[in-house]
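S.K.: Sequence:
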Amino acid sequence: MLLDQKFFDRDVLKVAPDLIGKIIVREFDDGSIKRFRITQTEAYRGEKDKACHASKGRTPRTEIMYHKPGTIYVYLIYGMYWMLNFVTAKSEIPQAVLIRAIEGYNGPGKLSKILKIDKTFNDQSIVDNQRIKLFDDLYKPQITTDLRIGVDYAGEIWAQKPWRFIDNSLT
DNA sequence: TCTCCGATTCACT
DNA sequence: GTGAATCGGAGAA
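Read the first sequence against our numbering and you will find it ends at 210, with the numbers running on by one and no gaps.
It cannot be assumed that every hint is accurate.
As the list claims (entries may be wrong) - Here are the simulated lysine to aspartate or glutamate pairs, DMTMM-like style, with alpha carbons at most 25 Å apart:
{"id": "1", "residue 1": "K179", "residue 2": "D57"}
{"id": "2", "residue 1": "K73", "residue 2": "D175"}
{"id": "3", "residue 1": "K95", "residue 2": "E131"}
{"id": "4", "residue 1": "K200", "residue 2": "D176"}
{"id": "5", "residue 1": "K87", "residue 2": "E142"}
{"id": "6", "residue 1": "K200", "residue 2": "D68"}
{"id": "7", "residue 1": "K155", "residue 2": "D176"}
Said to hold, decoys possible - Computed Cβ-Cβ distance ranges for the label pairs, DEER-style:
{"id": "8", "residue 1": "D162", "residue 2": "S208", "range": "12 to 20 Å"}
{"id": "9", "residue 1": "Q169", "residue 2": "M40", "range": "25 to 33 Å"}
{"id": "10", "residue 1": "T98", "residue 2": "F67", "range": "28 to 36 Å"}
Derived from the structure by calculation, the hints contain no laboratory data.
Here the structure is a predicted model, which means the values were calculated and not measured.
From the three backbone atoms N, C-alpha and C, an ideal C-beta is built for every residue, glycine too.
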């Protein structure tokens, strides 16, 4: 079952855990197709969340997070890695879910390398896309939470939010 | 323009 | 455990 825009039209704290266990289907430019199960996500929630890029307000970069739910937000970090995110909640509310890991690969940098994610995906829709789709195969994950990674700069209050979601039954 | 630094990873010590 | 690689966004000037 293909995830629709309604799935993403909810608070990021609901969407992020719901994305655990879902299937990413990637059709590469050469026509080959691969499937990956999502095993780890993180929630970035609005302008008040200091760890969220949108905490700096609306800028050309964060503009994407204000777009409609189901929009893909891709950005470059440390000059070499693309991060894959999905925008959630209604337009004008800047929230996004970072896909931190897929089955068999730990780390968002490796993930986007495997999936060949780059800036051409930025601002595209995930629910109506030729190259990348999200499916629910009714898999029921065992979800645990933990602190988000690499957000110490956001200060104690925001760095300590347990907004990382992990499938406990996969390793 | 110029400077600072990050939602990371990997090679070394 | 430490540090380099590497570049575009954001803010200061």
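S.K.: So, for every hint listed, does it hold in this structure?
M.R.: Against the structure, the hints:
1. K179 - D57: Satisfied, since the Cα-Cα distance of roughly 10 Å is no more than 25 Å.
2. K73 - D175: Given pair K73, D175 holds - Cα atoms ~15 Å apart, limit 25 Å.
3. K95 - E131: holds, 14 Å
4. K200 - D176: Status violated; Cα separation ~29 Å.
5. K87 - E142: Answer violated: K87 to E142 is near 32 Å, above 25 Å.
6. K200 - D68: violated, 39 Å
7. K155 - D176: Roughly 23 Å separates the two Cα atoms, so the pair holds.
8. D162 - S208: 12 to 20 Å: Violated - the Cβ-Cβ distance for D162 and S208, about 34 Å, lies outside 12 to 20 Å.
9. Q169 - M40: 25 to 33 Å: violated, 19 Å
10. T98 - F67: 28 to 36 Å: Holds: the Cβ-Cβ distance is about 32 Å, inside 28 to 36 Å.
Taken one by one, the earlier hints fail for this structure at numbers 4, 5, 6, 8 and 9, listed in ascending order.
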